[in-house]
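Trainee: Chain by chain, the residues run as shown.
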Amino acid sequence: MLSEVSESISQYSSSNDDHSAVFILVFKTNISTAKDIKTIESVLADLYAVKRWNVDKHDVDKVLRIVANSDITSTIITLIIQAGFQCEELTD
Amino acid sequence: MRKRDIQKEKLLRQKALKMVAKDGLEGLSMQKLAKAAGISPATIYIYFESKEDLILQLCSEMVTKMSEATLKNFDPNMSFAEGLKVQWMNRAKYCLKYPHQAHFMEQIKHSSYHEKSLQMMEGTFRKSMQEFVINAIVRKELIKVPLEVFWSVAYAPLYNLVRFHNMGKSVGGHKFQFSEAIMLETLNLVLKALKP
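Chains F and W supply the protein sequences, listed in that same order.
Numbering of the first sequence is given in the numbering used here, commencing with residue 1 and proceeding in unit increments.
Numbering of the second sequence is given in the numbering used here, commencing with residue 1001 and proceeding in unit increments.
The following block holds chain F by itself, in its conformation from the complex (with noise of 0.2 Å):
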């Protein structure tokens, strides 16, 4: 629980906090079906960085949203694309 709350406070802190720096990575994807988060779930398992993820299934762009302690982008796209998805960073 206490982890949890320092890491929610931590994710909307200034950059400058970086002893628990947290990246926010999201990813235009098709992922849509139950099954497929069923995949997704195995591959993000290995990841250590990945703190926690979701698919927003409601929105057109099925964005996978990643919330990491390191800025694994890259490593991302090659797993998602690997197991069968399209996945492209949103960028600002």
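It is possible that some hints are incorrect.
Some, not all, of what chain W presents toward chain F, calculated at C-beta under 10 Å [claimed, not checked]:
1. LEU1028
2. GLY1038
3. ILE1039
4. SER1040
5. ALA1042
6. THR1043
7. ILE1044
8. ILE1046
9. SER1050
10. GLU1052
11. ASP1053
12. ILE1055
To be clear, the hints were calculated from the coordinates, so they are not data collected in a lab.
On a predicted model such as this, the values are computed, not experimentally measured, just so you know.
Glycine included, each C-beta is placed from N, C-alpha and C at the ideal position.
Add chain W to chain F, keeping to what the hints say.
Mentor: Okay, now just chain W, sitting in the frame of chain F:
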């Protein structure tokens, strides 16, 4: 890493609210919202985990605002006539001042989020409303009828006037504008009907 910006979040909430009021919950997409707010879809996901998360957060904010507005200057110990008048004033003011918010909640009512929105309703609001009705029944200022009958008579007429107002016309296309006089005229009939 990007920083959370309160102003940006506020803008997103406002735009999302407007979008839902206009195009319904189905019409809200993160991409469209990003465009309307002038930011990238990626940025939206700093603030909200998903469309569902965004809708539920908005819902929670609206429920709180609506409850606060409704309870302003209200005391469950007021006489039934006085208390109901305060309620009508508050509810009308809120709906007319914040049509998007009222519209949004109307959409929620007819969606799968309704159950969750009810759970967000604070205990104090529920308790005040219940106390008010029980007090009035005990004091013999209010007839005892099933909750649905009570609500349909006590509050629904007000919301119908607001609805006419928002449409700009009433039955048969007559031009209509909400006014305090019309509200009080309606309220008097409601009070008459609910008297034991």
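Trainee: Each of the hints needs a verdict: does it hold here or not?
Mentor: Evaluation of the provided hints:
1. LEU1028: Holds - the Cβ of LEU1028/W comes within 10 Å of chain F, reaching about 9 Å at its closest.
2. GLY1038: It is violated, given that the least Cβ distance between GLY1038/W and chain F is near 12 Å, above 10 Å.
3. ILE1039: holds, 8 Å
4. SER1040: Status holds, d = 5 Å.
5. ALA1042: holds, 4 Å
6. THR1043: Holds: closest Cβ of chain F sits about 6 Å from THR1043/W, inside 10 Å.
7. ILE1044: Cβ of ILE1044/W sits 9 Å from chain F, so the hint holds.
8. ILE1046: Since the shortest Cβ distance to chain F is 5 Å, the answer is holds.
9. SER1050: holds, 4 Å
10. GLU1052: At 6 Å from the nearest chain F Cβ, GLU1052/W passes the 10 Å test, so the hint holds.
11. ASP1053: holds, 8 Å
12. ILE1055: holds, 9 Å
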